[in-house]
Amino acid sequence: MSVLPYLVAGWLFLVGCHGLVTSRNLVHAVACLTVTQSATYVLLLAVGFRAGATAPVFSDIPVGTRVVDPVVQALTLTDIVVSATITAVLLALTIQIHKRHGTVNPDELRALRD
Amino acid sequence: MVVETLPPLMVALPLLTATVLAAAGRVLPRLVIDAVSLLTCLLVFAGSVALLVATGSRRVVSWLGGYSPEHGVSVGVVFVVDRVGAGLAALVAVLVTAALTYTWRYFEEVESYFHALILLFLVGMVGFVLTGDLFNAFVFFELMGAVAYALTGYKIEEAKPLQGALNFAVINSLGAYCALLGIGLVYGRTGELGFAQVQRALAGHHTDWLVLLAATLVFTGFLVKGAAVPFHFWLADAHAVAPSPVCVLFSGVMVELGIYGVARTASTAFSSALPAERFRPVLMVAGVLTAVIGAVMCQAQSHLKRLLAFSTVGHVGVFLVALGAFEPAAVGGLVVYVLGHAAVKGALFLCTGILLNTRGSVDEAQLHGRGRDLPLTRVCFLAGGLALAALPPFGTGLGETLSEEGLSHAGFSWPSALFVGVSALTGGAVLRAGMRVFVGMGIPPSIQGETSVQGEISVHGETRGVDENRETEGAVRSVPATMLAPVVALLAGGLALGLLPGLAASAQDAAQQLLDSAGYAAAALDGIRAVPPPTPGAETWSLSGLLFDMVSTLLALLIAVTAVYSDRLPRLLRGIVHAVRLPLGALRSTHSGHLGDYVAWLLVGVTLLAIGIAVS
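So the sequence lines, in the order shown, correspond to chains A and B. Each number in the numbering used here comes from the position in the first sequence (counting from 1) with 238 added on. Each number in the numbering used here comes from the position in the second sequence (counting from 1) with 105 added on.
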């Protein structure tokens, strides 16, 4: 099992966070959040990967064929649904923020300073 | 066996109702929408009461789709309900009922989407406390989150709710992704997702960095929701802007569910690899930091909702310290404390909502003396302040006493001082605001502010509650009974919690079940569901506990009166107060409302958490 996918997952998470911290545009920030979420897809799929295995669909392959883990694929699919929902909510909020604050730069949002 | 069908039903029924309301809400009259959603809540409540009764003698286990385990192995997904799960489900149902009743007249123009969202929120929370599976917990957790973001930004025409919702959504999503990464690692190591299955599978391995990393990531997700420092920044922003009935659910139970998540996974999934003592130092240190920062920041607020939000942060710190002991007596006290806190904090948020509706502001200075002609709200707000300061016999007081005693039996006596301090500071802040707003004590402060671009009045750049839009169509002349009734009911509930004779013993049994990892796994996988018989004679109020509670109440009153009449203090004392405020400015400036800052703090927190769990 290669360690590369796990490094990629870690890299995606951190680079997404870096983007979030330094973001000057909320659309960019929302995209960065989906980049961090991509780390979870890569990690989950890497966990279920088996060398030389095929897709876990038994309609046209004999039972007992070496397949990759279907559970993590189901988890990833659920995760993608979650991602789509959250991204939609966030982008909707961003559009409204543009209307109400007149900016989408997080540095210029000053309504909630303590 | 009928009880076994309840957990899935308690998730499915509100889910179905929510979808129907979202789809058909436009054609249904408001009365039907209110009645249907309230009825659904009450049915969920009835279900959780049945579960509470059943969990007195056994854990309730239901395998979805009939995939019961054979020889301790199953591919299915399971609900495992013990007393804490059932109790939290009941609390969720009660608070949602209160919020919906309040909404009846509060949000007159509200559309059925609001009811659908609230019911989905109910689904997420109830599912989260009943499930026995890591991934299902994540899904319910995300459902709870996504709905909460939408509810926070419900007033989509205003500037502040949007920013609050955005901060809330990004930080909590990041936390949830951390949790999912952790769950992925756990699955990679064990090939299991059930709490009980993971526990048994991890028992065979030696504990290495992978398990530590997995636990760190899972806990990060829960502690972000639980608003532990330094993950807490989203909380004040979200609470300040969310509709008041939604704040009741946020502060009353959603945040506490984060702590429940830590307690559940620590005592089931990770218990065989990492004994609870491993988590003790990190939880206690995080708890102390959270308690101190929450209580201090609470004192500094003049926006009433932010004030209440930071008081929740302070109490979360106390809860984390009480959990950190992993002792049944202390955790039993924590259970009572959470219930009492939910009732009192809920009532306070609803009182603030009444102020917003009738006076169009939630700013302490602007409202000075303007609450005098709201007699019942005044009594409730001040009583809530006293209850928050742990005045006996409120449930908060009992919870504080029980956790203090549990902790000192376990060899930790220092938390008593911390608990008294948090109660005094947070209760004192609420009482100060109550005295100014509802009694008109002290000199009315003048609001000197500059108007910014968006027409927001900002005083030294801080968030004030001065320019809030009402959540109703026009001002409500007199406060409707549907708005006052939940306030009074919640406070009465908070009072009753401290007086119920069997509550302390029952909470201790619940805590025992929660911490019993072997019993949990046996119930889920081997069908051995019976729980130990109730422990007789758990104590309730003790003399020393009463004394501590009285001390914190008196301190809170002293703090409040000092703050209200600060202009009459001798010059020396004023100098001291001024000196104390200087470092406070630095602390306040970290709460910048800036998304990037919050993400950076989150990464700092993950790192510290990992170090903390690894070295202990």
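Hints were generated in silico from the structure; no laboratory data involved. There's no promise every hint is true.
[As the list claims (entries may be wrong)] Going by beta-carbon spacing under 8 Å, a handful of chain B positions derived as facing chain A: (1) ALA270; (2) LEU285; (3) LEU677.
[Claimed, not checked] With the Cβ distance kept under 10 Å, some of the chain A side facing chain B (calculated, not the full set): (4) PRO294; (5) PHE296; (6) ARG338.
In this text the structure is predicted, and so the values were computed from the model without any measurement. Ideal placement from N, C-alpha and C gives every residue a C-beta, glycine not left out.
Exercise. So which hints don't hold here, by number, going up?
Worked result: 3, 4, 5
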